[in-house]
Amino acid sequence: MHFPHPGPQEAPGRAPALLLRGIDKSFDGHRALDGAGFRLDWGEVHALVGENGAGKSTIMNVATAVYAADAGEVIVDGRDVPLRGPADAMAAGLGMVHQHFRLVGSFTVAENVALSLRGAGQKVSVAEAARLLAARAAELGFRIDPAARVDELSIAERQRAEILKVLLLGAGTLILDEPTAVLTADEAQALLTLVRQLARRGRAVVLITHKLREVAAYSDRITVMRQGRTVLDAAPAEGLAMDEVARLAVGEMPAAAPRIAARPGVPLLSIEGLSAHRGDGSRALDGLALELAEGEVLGIAGVGGNGQPELVDVLSGLRRPGGGTIRLGGADLLTASPAARRDAGLRVVPADRFDSAMAPGLSLAENLALTGVASGRFGGRWLVDRRKMRREAERLIADHEVRGGGPATPASLLSGGNAQKLLLAREVSDGARLLVAHSPSRGLDLRATRAVHGAIAEGVARGMACLLISEDLEEIMSLSTRVCVINNGRLSAPMPASEVTPERLGALLVGHA
Amino acid sequence: MTDFFLAWLTVLPGYVLPLLLASLGVVLSERAGVLNLCPEGFMAVGAMTGALICLAGQGPWLGVLGGTAAGLGLSAVFGLAVVVFRVEQTLAGLATVALGLGITGVLGRSHVQKPFDGVPRLSETSWGAELPRVLGQQTLMLPLALLLLLLVAWFLTRSAAGLRLRAVGEDPGAADVAGVDVQIVQLGAVLTSGAFGGLAGAYLSVASAHVWVEGMVAGRGWVVIALVIFARWRPLRCLAAALLFGGTEALMPRLQALGVDFPVYLGAMLPYVLTLAVLALTSTRRGARSGAPAALGLSYLRQDKH
Ligand SMILES: Nc1ncnc2c1ncn2[C@@H]1O[C@H](COP(=O)(O)OP(=O)(O)OP(=O)(O)O)[C@@H](O)[C@H]1O
Ligand SMILES: [Mg+2]
Chain A
1 MHFPHPGPQE
11 APGRAPALLL
21 RGIDKSFDGH
31 RALDGAGFRL
41 DWGEVHALVG
51 ENGAGKSTIM
61 NVATAVYAAD
71 AGEVIVDGRD
81 VPLRGPADAM
91 AAGLGMVHQH
101 FRLVGSFTVA
111 ENVALSLRGA
121 GQKVSVAEAA
131 RLLAARAAEL
141 GFRIDPAARV
151 DELSIAERQR
161 AEILKVLLLG
171 AGTLILDEPT
181 AVLTADEAQA
191 LLTLVRQLAR
201 RGRAVVLITH
211 KLREVAAYSD
221 RITVMRQGRT
231 VLDAAPAEGL
241 AMDEVARLAV
251 GEMPAAAPRI
261 AARPGVPLLS
271 IEGLSAHRGD
281 GSRALDGLAL
291 ELAEGEVLGI
301 AGVGGNGQPE
311 LVDVLSGLRR
321 PGGGTIRLGG
331 ADLLTASPAA
341 RRDAGLRVVP
351 ADRFDSAMAP
361 GLSLAENLAL
371 TGVASGRFGG
381 RWLVDRRKMR
391 REAERLIADH
401 EVRGGGPATP
411 ASLLSGGNAQ
421 KLLLAREVSD
431 GARLLVAHSP
441 SRGLDLRATR
451 AVHGAIAEGV
461 ARGMACLLIS
471 EDLEEIMSLS
481 TRVCVINNGR
491 LSAPMPASEV
501 TPERLGALLV
511 GHA
Chain B
514 MTDFFLAWLT
524 VLPGYVLPLL
534 LASLGVVLSE
544 RAGVLNLCPE
554 GFMAVGAMTG
564 ALICLAGQGP
574 WLGVLGGTAA
584 GLGLSAVFGL
594 AVVVFRVEQT
604 LAGLATVALG
614 LGITGVLGRS
624 HVQKPFDGVP
634 RLSETSWGAE
644 LPRVLGQQTL
654 MLPLALLLLL
664 LVAWFLTRSA
674 AGLRLRAVGE
684 DPGAADVAGV
694 DVQIVQLGAV
704 LTSGAFGGLA
714 GAYLSVASAH
724 VWVEGMVAGR
734 GWVVIALVIF
744 ARWRPLRCLA
754 AALLFGGTEA
764 LMPRLQALGV
774 DFPVYLGAML
784 PYVLTLAVLA
794 LTSTRRGARS
804 GAPAALGLSY
814 LRQDKH
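Quick note, the sequences are listed as chains A and B, same order.
Sequential numbering of the first sequence, starting at 1, is according to the numbering used here.
Sequential numbering of the second sequence, starting at 514, is according to the numbering used here.
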């Protein structure tokens, strides 16, 4: 999908939209940025790539004055006036789509948009914000309900809300921090096409992404960061090999996990007539049915917000189903407690790791042991065996190449990719018979994605079954043995992976939507 | 029976309004994310200052204003501590109460038990002599309090500043990125809560008792904190909660006046028991949210990882 485009239309002599030089930034002694630099010119889409924890988000947070740098200079549009906070950055024309969305959970989408538009000095009411929002969403083909409370939305819907919020600001310089992580291919294409048009009309865009295909198709220049340093500085995208970019960004890549062969084993999971409702009473799952055997990966593709998080919550026991059956190896799990499900071999990796899977304030060792304490794996009834926890943690951290901390580090300090590796290390480790994974590689760099996929493939090779729910078709196609599509809480008939092509799947996705 | 009911209705505002006013202040502060345990202190300084001004012959309305200002002044100390210096909010709140009670003890000692002319009842005004007794016994504080209630409710749900304030209490990080100055909003909310607390205190001495005694707030400030939780941080529900609580409290002296033999301590318990019962009943309803602002009690630092 590479179409020719004219180069950036630089106004000659105009100062860069954004110039960062020699930026240092440490968090509690940990050096996140080490003399990093970045130069963004008007009229260009500038891709910023790098592995998890390279400092991409941090340098952009410095640019928008969310973080104060320890050293270095930030020059916005040639004006050397220091920004004292996000409000100043907004006034200077910077708009940022944050990787960890900055949306008020208990507000509606429209209220969030009104809040930020007002912060930017536009006097709009919530009703007007809702209208603007709906118009922009229609333009991009984004499905969103302006009146929905943000904390009742799926991650994909929140992503759309965050993007629309920033687009509506009309900022001259747009910074998009992994905007497409949970969007479908069509949504991502619509968004990236739009931002490139904006750039062609003279604005400036920073695109942070792990998807090199987007980099190749949409960017004019590329900057690569590694361990807090800029290792490739604003190189023109024309004629730059993506393999080279990948090597610069993440070093040598581990081999991709081999395709999982379909060898239908003993039937394991059987779901029939499953229904569930959302917090607002609308129907999220509508008579959903599926069968899954050991050693199989059933990929569930779909546009975010079609019942995916509800399915995960019902399976993990966090949401009460309206009706139906869930049988795992003969045991009826429909109303079983989360602990009983775990005993039956059910493991869940939700889309938001810190929401219900891990405790950010606890150490890595404690997080790893969290699910094993009740079963007595780490000591008796009253006391825990901290030494055993530590040993076990050291082993898992080494085996799964979790970087950025030891057993005593708080989980909140890990980068997204490393936190995800940690969670998978715990979930596929012992007695896992069925893994339910929702967007397991969301926000992960290429190497971490491969590591996570490798961990899943390894479990499946041992006979584990996996229900893989993802908006990312590439992820679905690389892991699944069978694939189906979720739409309005129902599944399409599954087809064998060998018969799936992106076009067929894409047609199924839009055909229903 | 109607006599009894009318008598109860007549004294009702005296019990309800101080609770209502102070709880509106707490709602504003806590919807902005600042845990506010101070009302007992705000009310104490408000009651004393109002009384001192009246005793100095400045007139009741200046007394009300002075009481309000005193609450505001004390809240400035609290606001400085929690918003600017990020002192832990529970501790700072308790310290503020102690400070308020201490000040009133020191400054007010020589003015205890001296009656003065407070806010006139409507029947005592030139135009209100004809009013029926239930209304005639009230003061202008009644419409004022109701007006303030509507104002706060409107402010929170309809105004742009209210939207900003709620955003700060729910997610200061998101509010910050949206260009809201988190500290200014929180400071403003705390100061307003102090003014409301001071006004509630001034009501006790200047509009209701027309005398000041040490400890006259008598735990109402603590009741207010529970009341706000009960009202799920919504202004209009604060009125309902204040009516429930103040209403049962107002019942006791009436019953005694009727000669009903009712153990005093049991009677004093009744408002609390009733409030608890209603709370338990309403929270078992499906889908009920506690309504607590998500960032209540957390102090916000921009650098922190969220
Ligand atoms: N607020 C913070 N407090 C402490 N550490 C932080 C904070 N923000 C970032 N870090 C650390 O700084 C480093 C750089 O993080 P950053 O989020 O910039 O990486 P990134 O390149 O955006 O990675 P990813 O691709 O995972 O988003 C990481 O080690 C991270 O854990
Ligand atoms: Mg990042």
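Derived from the structure by calculation, the hints contain no laboratory data.
We put the beta carbon where it would ideally sit given N, CA and C, even for glycine.
Treat the hints loosely; a few may be bogus.
[Unchecked claim] Partial pick of chain B residues on the chain A-facing surface, computed with a CB cut under 10 Å:
hint : residue
1    : Glu643
2    : Pro645
3    : Ala673
4    : Leu676
5    : Gly686
6    : Ala687
7    : Asp689
8    : Gly692
9    : Glu727
10   : Ser796
11   : Ala807
12   : Arg815
[What the hints assert, rightly or not] Which chain B residues face chain A? A few, computed with CB under 7 Å, are given here:
hint : residue
13   : Gly675
14   : Glu683
15   : Asp684
16   : Val690
17   : Ala691
18   : Val693
Hint-by-hint comparison with the structure:
no. : hint   : result
1   : Glu643 : violated, 45 Å
2   : Pro645 : violated, 43 Å
3   : Ala673 : holds, 6 Å
4   : Leu676 : holds, 6 Å
5   : Gly686 : holds, 6 Å
6   : Ala687 : holds, 4 Å
7   : Asp689 : holds, 5 Å
8   : Gly692 : holds, 3 Å
9   : Glu727 : violated, 42 Å
10  : Ser796 : violated, 17 Å
11  : Ala807 : holds, 6 Å
12  : Arg815 : holds, 6 Å
13  : Gly675 : violated, 11 Å
14  : Glu683 : holds, 5 Å
15  : Asp684 : holds, 5 Å
16  : Val690 : holds, 4 Å
17  : Ala691 : holds, 4 Å
18  : Val693 : holds, 6 Å
Checked against the numbered hints given earlier, this structure breaks hints 1, 2, 9, 10, 13; the rest are met.
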